[in-house]
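Colleague: Listed in order, the protein sequences are those of chains H, E, A and S.
The first sequence begins at 1 in this note's numbering and counts up by one.
The second sequence begins at 1 in this note's numbering and counts up by one.
The third sequence begins at 1 in this note's numbering and counts up by one.
The fourth sequence begins at 1 in this note's numbering and counts up by one.
Source of the hints: derived by calculation from the structure; they are not laboratory data.
Examples of chain S residues lying across from chain E (beta carbon under 7 Å, computed):
1. 18
2. 52
3. 61
4. 97
5. 104
6. 106
7. 236
Note that beta-carbon positions come from the ideal geometry of N, C-alpha and C, so glycine has one too.
4 protein chains.
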Amino acid sequence: MWLRISCDMTFDITIPTPFILMLRLRSGAQQWIASEKYSIKPMVPVFEFTDSYGNLCQRLIAPVGPFAIQTSVTVMIADQVDQQSGAPFVDIENLPEAVLSYLLPSRYCESDRFGDMAAEITAGQSLGYDQVKAIETWLRDTIRFEPSGSDELVSAAEVNVRQWGVCRDLSHLGIALCRSLSIPARLVEGYLYGLEPMTFHAWFEAYVGGRWYTFDATQAELKGGYVAIGYGRDAADVAIYNQFGPPVSPTYQSVCVELIDESDV
Amino acid sequence: MWLRISCDMTFDITIPTPFILMLRLRSGAQQWIASEKYSIKPMVPVFEFTDSYGNLCQRLIAPVGPFAIQTSVTVMIADQVDQQSGAPFVDIENLPEAVLSYLLPSRYCESDRFGDMAAEITAGQSLGYDQVKAIETWLRDTIRFEPSGSDELVSAAEVNVRQWGVCRDLSHLGIALCRSLSIPARLVEGYLYGLEPMTFHAWFEAYVGGRWYTFDATQAELKGGYVAIGYGRDAADVAIYNQFGPPVSPTYQSVCVELIDESDV
Amino acid sequence: MWLRISCDMTFDITIPTPFILMLRLRSGAQQWIASEKYSIKPMVPVFEFTDSYGNLCQRLIAPVGPFAIQTSVTVMIADQVDQQSGAPFVDIENLPEAVLSYLLPSRYCESDRFGDMAAEITAGQSLGYDQVKAIETWLRDTIRFEPSGSDELVSAAEVNVRQWGVCRDLSHLGIALCRSLSIPARLVEGYLYGLEPMTFHAWFEAYVGGRWYTFDATQAELKGGYVAIGYGRDAADVAIYNQFGPPVSPTYQSVCVELIDESDV
Amino acid sequence: MWLRISCDMTFDITIPTPFILMLRLRSGAQQWIASEKYSIKPMVPVFEFTDSYGNLCQRLIAPVGPFAIQTSVTVMIADQVDQQSGAPFVDIENLPEAVLSYLLPSRYCESDRFGDMAAEITAGQSLGYDQVKAIETWLRDTIRFEPSGSDELVSAAEVNVRQWGVCRDLSHLGIALCRSLSIPARLVEGYLYGLEPMTFHAWFEAYVGGRWYTFDATQAELKGGYVAIGYGRDAADVAIYNQFGPPVSPTYQSVCVELIDESDV
Numbered sequence: 001m002w003l004r005i006s007c008d009m010t011f012d013i014t015i016p017t018p019f020i021l022m023l024r025l026r027s028g029a030q031q032w033i034a035s036e037k038y039s040i041k042p043m044v045p046v047f048e049f050t051d052s053y054g055n056l057c058q059r060l061i062a063p064v065g066p067f068a069i070q071t072s073v074t075v076m077i078a079d080q081v082d083q084q085s086g087a088p089f090v091d092i093e094n095l096p097e098a099v100l101s102y103l104l105p106s107r108y109c110e111s112d113r114f115g116d117m118a119a120e121i122t123a124g125q126s127l128g129y130d131q132v133k134a135i136e137t138w139l140r141d142t143i144r145f146e147p148s149g150s151d152e153l154v155s156a157a158e159v160n161v162r163q164w165g166v167c168r169d170l171s172h173l174g175i176a177l178c179r180s181l182s183i184p185a186r187l188v189e190g191y192l193y194g195l196e197p198m199t200f201h202a203w204f205e206a207y208v209g210g211r212w213y214t215f216d217a218t219q220a221e222l223k224g225g226y227v228a229i230g231y232g233r234d235a236a237d238v239a240i241y242n243q244f245g246p247p248v249s250p251t252y253q254s255v256c257v258e259l260i261d262e263s264d265v
Numbered sequence: 001m002w003l004r005i006s007c008d009m010t011f012d013i014t015i016p017t018p019f020i021l022m023l024r025l026r027s028g029a030q031q032w033i034a035s036e037k038y039s040i041k042p043m044v045p046v047f048e049f050t051d052s053y054g055n056l057c058q059r060l061i062a063p064v065g066p067f068a069i070q071t072s073v074t075v076m077i078a079d080q081v082d083q084q085s086g087a088p089f090v091d092i093e094n095l096p097e098a099v100l101s102y103l104l105p106s107r108y109c110e111s112d113r114f115g116d117m118a119a120e121i122t123a124g125q126s127l128g129y130d131q132v133k134a135i136e137t138w139l140r141d142t143i144r145f146e147p148s149g150s151d152e153l154v155s156a157a158e159v160n161v162r163q164w165g166v167c168r169d170l171s172h173l174g175i176a177l178c179r180s181l182s183i184p185a186r187l188v189e190g191y192l193y194g195l196e197p198m199t200f201h202a203w204f205e206a207y208v209g210g211r212w213y214t215f216d217a218t219q220a221e222l223k224g225g226y227v228a229i230g231y232g233r234d235a236a237d238v239a240i241y242n243q244f245g246p247p248v249s250p251t252y253q254s255v256c257v258e259l260i261d262e263s264d265v
Numbered sequence: 001m002w003l004r005i006s007c008d009m010t011f012d013i014t015i016p017t018p019f020i021l022m023l024r025l026r027s028g029a030q031q032w033i034a035s036e037k038y039s040i041k042p043m044v045p046v047f048e049f050t051d052s053y054g055n056l057c058q059r060l061i062a063p064v065g066p067f068a069i070q071t072s073v074t075v076m077i078a079d080q081v082d083q084q085s086g087a088p089f090v091d092i093e094n095l096p097e098a099v100l101s102y103l104l105p106s107r108y109c110e111s112d113r114f115g116d117m118a119a120e121i122t123a124g125q126s127l128g129y130d131q132v133k134a135i136e137t138w139l140r141d142t143i144r145f146e147p148s149g150s151d152e153l154v155s156a157a158e159v160n161v162r163q164w165g166v167c168r169d170l171s172h173l174g175i176a177l178c179r180s181l182s183i184p185a186r187l188v189e190g191y192l193y194g195l196e197p198m199t200f201h202a203w204f205e206a207y208v209g210g211r212w213y214t215f216d217a218t219q220a221e222l223k224g225g226y227v228a229i230g231y232g233r234d235a236a237d238v239a240i241y242n243q244f245g246p247p248v249s250p251t252y253q254s255v256c257v258e259l260i261d262e263s264d265v
Numbered sequence: 001m002w003l004r005i006s007c008d009m010t011f012d013i014t015i016p017t018p019f020i021l022m023l024r025l026r027s028g029a030q031q032w033i034a035s036e037k038y039s040i041k042p043m044v045p046v047f048e049f050t051d052s053y054g055n056l057c058q059r060l061i062a063p064v065g066p067f068a069i070q071t072s073v074t075v076m077i078a079d080q081v082d083q084q085s086g087a088p089f090v091d092i093e094n095l096p097e098a099v100l101s102y103l104l105p106s107r108y109c110e111s112d113r114f115g116d117m118a119a120e121i122t123a124g125q126s127l128g129y130d131q132v133k134a135i136e137t138w139l140r141d142t143i144r145f146e147p148s149g150s151d152e153l154v155s156a157a158e159v160n161v162r163q164w165g166v167c168r169d170l171s172h173l174g175i176a177l178c179r180s181l182s183i184p185a186r187l188v189e190g191y192l193y194g195l196e197p198m199t200f201h202a203w204f205e206a207y208v209g210g211r212w213y214t215f216d217a218t219q220a221e222l223k224g225g226y227v228a229i230g231y232g233r234d235a236a237d238v239a240i241y242n243q244f245g246p247p248v249s250p251t252y253q254s255v256c257v258e259l260i261d262e263s264d265v
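Starting from the given sequences, assemble the full structure and let the hints guide the process.
Modeller: Here is the structure:
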């Protein structure tokens, strides 16, 4: 399917503020970027680099005054998300090196504290994909999804205590549970076609059966329409923007995802 | 300055043919990609990766029949190319690690064979930028530039014998001469505003005074307008396309570079 | 100075247990490994890789029974640790790309929560080295160092509440405070000559004045003798060993660091 | 099997000379370094880094006078070299990204010029391992191996003309032939137990059936005993030492490889 996605953010800047943005999508195994537009107003020098997860990041100094970022992208993705019941657990000794860091605890995923709980949730499941599916189902049934919940970043342990969360929070808990079973798991920030209300989305991927698979506890079923902006161990690594100095928040933010015909590409 | 660049290539494919393309420009210290379009007809699965030089590469299988690639990009670059007479030579022990591989001989730059010649060309110059400038001047004065010369890839040593070459050939010889003086040098494939006749261009960069500087022996003077597609040790690393199996050549190829107003971005 | 360092660890393994060890030291700008021995008993297949921080990691499956690791190393380091009062803060836009990830909050360094506190601690200091020195002094004066304290991993915020910690804890708090001032900071695991009691040590580095400098709030003054095993954002990244499955602890552990003559190398 | 390997080199230095050495072996899938010694006389500052192929490189300035490097290593390797008749060709689209650069022509492997010849040599073979084996056999039968031949670096095309070569030359020709068939191939510099006369050795690896396999046209059959020092596209990438400035050669060089008992490790 072809999607056209646009994203607008405006900030009101009071002192020159360094930003690291992650708003340039990458073409990858799951998505092809056919066109892209990235507008910064007022225009300032931007330096782009690739972080250690392969994400394209833009570094700049936002000047005083209103500062607007607009991006749009035309992207082709598969109509379906791959799913594979029974995909086996990969032994630590057989994991690719690039995947190993996704086994470790990280800022918002205290995986070392979830061993017993993960064992209980996945009891009786085949090792691998089916365990992760059981975790996703457990999250959906247990942790209340509040799409318009707080923007405050909280960790998997905190989410598990308060029993509700935004998409990112459910993903963090899913990741922590996977890693406690020695299944590599990572956070994906991105867009989802048909999301209500439309905004940035976050889900998680687990590495089983020799590849990454998509999981999302916030949706009743896994349909197509996922477009990745960036990958990381958790939200500390993969932020739409990181900003340094006194905190600023967008005064305006809008995301739009629409289905288009191939002929309109 | 703002440029709008487009590139069209068509191939006539007789058996399914793997390609690795390098046609997705990166934003970097010298250029900002404000918008981009990348069209492949017929559409096939494409996998994009970053090579060890930081270039974005697209891997695909071209199917039988006409196969067309069209890209366009809107890019902002500096009005002037930085030049710095007197920028000093950087001792080997102080070079950044990422720069060291640009000291070694490579496929088309037999730098180990040019020591005496480079010493002669640069005699009396301050070590560093001024040496490279003397090499660029020597190339301009000595090696006949034939913009529509052969597409055959030849090495610096061969260019030095035959005394003429396309832009890539002059750059290869410049690179070999620099490296023989222990100055890191690399090839840049890209576009140049105002080039006559308009097509892909190649120039070289040398690392002196703690950064890369641009050199181009094919132009009378160094004006602004350089847009990089990719970087590498020589043309073996940085090809607009690499194609595997029986060779195919574009049946059609066109490059267009025009100056635009910021208001038209 | 030349040091001979040895490290012994024994585990009692009840089920085959995957390990990722970080016990192969790297030669670097600060240290030269002249000889090294790495013994694993019983011998099992080991696969070594470089993680994204440049550390050499060894992956293996420990078999059932006693499992012993012994390493020793002869290393040359500078007699003094470099210090540089007044080394200036580096603006975000001028930081090398490889340093940027050390600005972000991480598992044990919740830097986003320490902005006000860091501002207070460093009030009146020149931006850069002097700020970090003030943080180190504040840690030394404020957080009780308990070298034989708990092995439990706690975060900077928790350390700040309980007001005591092991070397790693003081470092985590120092790192969080630095990052909250937009100064990149990282954890170093390693050895320190003369440490009492002798065991593994941890300290931190901050990036100011264009390079990394060493800080250690657990010592009254900064003397020579620091040997790095690994670098990372915090203890989640840089562990002497990570072990998967039911937890096992060393039944025996010993570290020895002695000064030797160059003639004994 | 366990091997103890030592390597001595002495240079007579007349002006301070920058060197990049590649004499620190890496543990990897095929070998485990149990102990290692690396001595430089006189001792000078050394900076070690990892190149883009994963090799550990040592950068230093050799001072005027005799300059000696001695390394020794105790290494465990498999008793046999893996061989796998019938291991299939991997389609370009399925090759790991890290392998793709080994498809390109490089300094000493002009793979673009060997397509017809490779097709002829491998006619009738199954695609993949069997093709490479046919190339190895053809090299052994056709190109005269002169172990004490010239040190001059020549390319695959030149070797093919003169019909003789040192180990490195036969490997370069093998690599060029493989790549011309779209089989990734790379050069390995290292040691071989039992080599006569004993010195550094070079062989090549080809990527088929999803992994790298060893090939060596200089030996009658493929026995165990291969220890890798470094990997690269060809000898331009993987040099025991690169030296900058006026050329110097070792005044003394010695390599020793002996079989030891595990009890002597």
